[in-house]
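Student: Given next are the chains, with one letter for each unit.
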Amino acid sequence: MAKTKRLSRREGSTAVRVILAVVLIISAFISIFPFLYMLALSLMETSTMKLSWERLVTAKYTLDNFKMAFKQGAFLNYIKNSTIVTLYAVVVNCLVSSMAAYAFSKKKFFGSRTMYTLYLATMMVPGQVTLIPTFLILNKFSMLNTYSAVALPTCGAFGVLLIYSFMKQGVPDELLEAAELDGCSEIRKFTRVVLPLLKSVIISLAIFTFINVWGNLVLPLVVYTESDMTTITQAVANMKTSHTATKYGYIMACNVIAFLPPFILYLFLQKQFVEGIALSGTKT
Amino acid sequence: MKTNINKKRRRRNNLWGYTFTAPSAILLFVFIVLPIFISVALSLTDFSGFNEPTYVGFKNYVDMFKDKKFLASMKNTFIYVLTTVPLQTILSLVVAAILAEKFQNAFGEFIRGTMFIPVLCSAVIAGNLFFYLFASDKNAVINSMLMLFGLDKVNWLGKSDTAMLVICMVAVWKNVGYFLVIFYAAIMDVPKSLHEAARIDGASPMQRFFNITMPSIRPVLYLVITLSTIWAFQVFDITMVMTKGGPGTATMSPVLLVYNYAFTDHRMGYASAIACILAVVIFVISMLQKLVFKEED
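Residue numbers (the working numbering), protein chains in the order written: chain A, 427 to 710; chain C, 106 to 402.
Incorrect hints may appear among the rest.
Derived DEER-like restraints, expressed as beta-carbon distance ranges [unchecked claim]:
#1 V442/A - I305/C: 18 to 24 Å
#2 D266/C - F496/A: 37 to 43 Å
#3 T488/A - N156/C: 51 to 57 Å
Rough simulated footprint, nothing fancy, chain A against chain C, three-plus residues with beta-carbon under 8 Å [stated by the list, open to error]:
#4 226–237
#5 242–253
#6 378–392
With a Cα cut of at most 25 Å, we get these calculated DSS-like pairs of lysine-lysine [unchecked claim]:
#7 K113/C - K533/A
#8 K264/C - K666/A
#9 K349/C - K673/A
#10 K534/A - K615/A
#11 K258/C - K666/A
Hints in this document: simulated from the structure, not taken from any laboratory. A virtual CB, placed ideally from N, CA and C, is assigned to each residue, including glycine.
Next up, chain A with everything else stripped away, as it sits in the complex (with noise of 0.2 Å):
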């Protein structure tokens, strides 16, 4: 009797998993499904936005919308615009939170209390409130249309305070204490000793400021007043009013572009962007 009492339960659990995994792979099927239907249609001859069955079996696969796009000399320039920005504001960003980071955690200095709890603050800031400011700050410094006017502001207090808080840890005071014994000059020691100790948390701040700056659509809007400065997020954000409106493909093929490199690099470094996001969830 207790024993077919146990039997039945643990079936009873098996049916829950499997009901339990039949659903899971349901949410995970709508959360890839809409790249799958851009990844189809961006390799279909014909224009139509249907995606069926029949049209999966029966449709002229081609790379033509791809053709197409890398064609034109402003599609190339686009995406020459967003990678320039995007890696120039990762190298800024990762380069002055370590800095300062550093600085909150290790130097203890006059004033650092009161300065870390600033940075807190602004992370309170909602960004509709800096916008225009931001706008008419760079017009004074004669800095719309610069790469910097996108990258700039988005170094914001969120990279110092995560790796900030991988610090604690990730850099032993001993270490340091060792180097200065050792002789190692100031500088010789944040990029000696420091910067290598942080290249997790380093990569994974490297990777939230690539997706952002590389998706980011309203500063672009409002600080490159000139189209030569487009960045492909703004350039597809464009696309169905534009005079290509009903070329589905070319329009998917143009947005799995857009979403490539951001994905590419998740592929690789997949570890430390989640390392990433569950550090800025439990520890900030």
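Keeping the supplied structure of chain A fixed, place chain C upon it in accordance with the hints.
Tutor: Relative to the frame of chain A, chain C by itself:
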């Protein structure tokens, strides 16, 4: 003598501290701190972006409450918050709990990895994709599915109520993977011994979830709710790409409104006032949430 050396050391330490913080602090000052003050100052003026700002007192703040577009955008935001925040919090929490309880294996990792993909794409791409999926055309994916079941096609983005619904769905679809990762990490941080002890006492998975997991991840729950509320107030890309705030003002979001007023209508003073009010509202809501979470402790 010794104190002299100490003093020198401290001064050196301070100097390097400032040097290392300076680049970041300057950027933070120029692009966040200074803009806050400018925003507040501008909000009290009439300023087109070209003229000299003229002081008008609190006129902009008074006008706001007679502005149908602004009121609509605030109403939309509250609908949006009330829809997306509970949905994405509960969905991501439930999935994270199921994964941590039953699927700490390759399958679970695959599910997490897959559900994270929407986080990678920009809101612009997400908006684009759902724009076509939910197009009014009978060939669009969602409508053709409806018609397969013998239902009528729906003009999703052309009608007020469904347009808002679609926009909320896009946000939930895009954010769940992010919060899933946060919740999953938090749940995995809960000491295993607690669960073991409860299991021996015969607690069901449900009981363990509500009595052990939930209390342990409170701070993370607070973070997720606050974060998704703040994000809800900052919707821009999705509405810009999918509906431009329409039909009418049905999906107008406050940030889109700020953008339109400042850079299309050249009413920067008025737009600044809206931005400031938004900041205050966001601040108050985060504080209230903090209070609620503190109270229950």
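Student: Would you mind marking each hint as holding or not holding in the structure?
Tutor: We went through each hint and held it up to the structure:
For V442/A and I305/C, the hinted distance range of 18 to 24 Å is satisfied, since their beta carbons lie about 21 Å from each other. Range check, D266/C to F496/A: Cβ separation about 41 Å, and the 37 to 43 Å hint holds. As the Cβ distance of T488/A to N156/C is approximately 54 Å, the hint placing it in 51 to 57 Å holds. Counting residues of the segment 226–237 of chain C whose beta carbon lies closer than 8 Å to any beta carbon of chain A gives 12, which reaches the threshold of three, so the coverage claim holds.
With 5 residues carrying a beta carbon less than 8 Å from a beta carbon of chain A, the segment 242–253 of chain C meets the three-residue requirement, and the given coverage holds. Evaluation of the coverage hint for the segment 378–392 of chain C: fulfilled, as 7 residues show C-beta separations to chain A shorter than 8 Å, against a requirement of three. For the hint pairing K113/C with K533/A, the CA-to-CA distance comes to about 14 Å; that is within 25 Å, so the pair holds. Taking the CA atoms of K264/C and K666/A, the gap is about 19 Å. The hint holds against a cut of 25 Å.
Only pairs whose Cα atoms come within 25 Å are accepted, and K349/C paired with K673/A is accepted, the gap being roughly 21 Å. The hinted pair formed by K534/A and K615/A meets the criterion: a straight-line CA distance of about 16 Å does not exceed 25 Å. Restraint check: the Cα-Cα separation between K258/C and K666/A comes to about 21 Å, which is no more than 25 Å; the hinted pair holds.
Violated hints for the displayed structure: none, as all numbered hints are satisfied.
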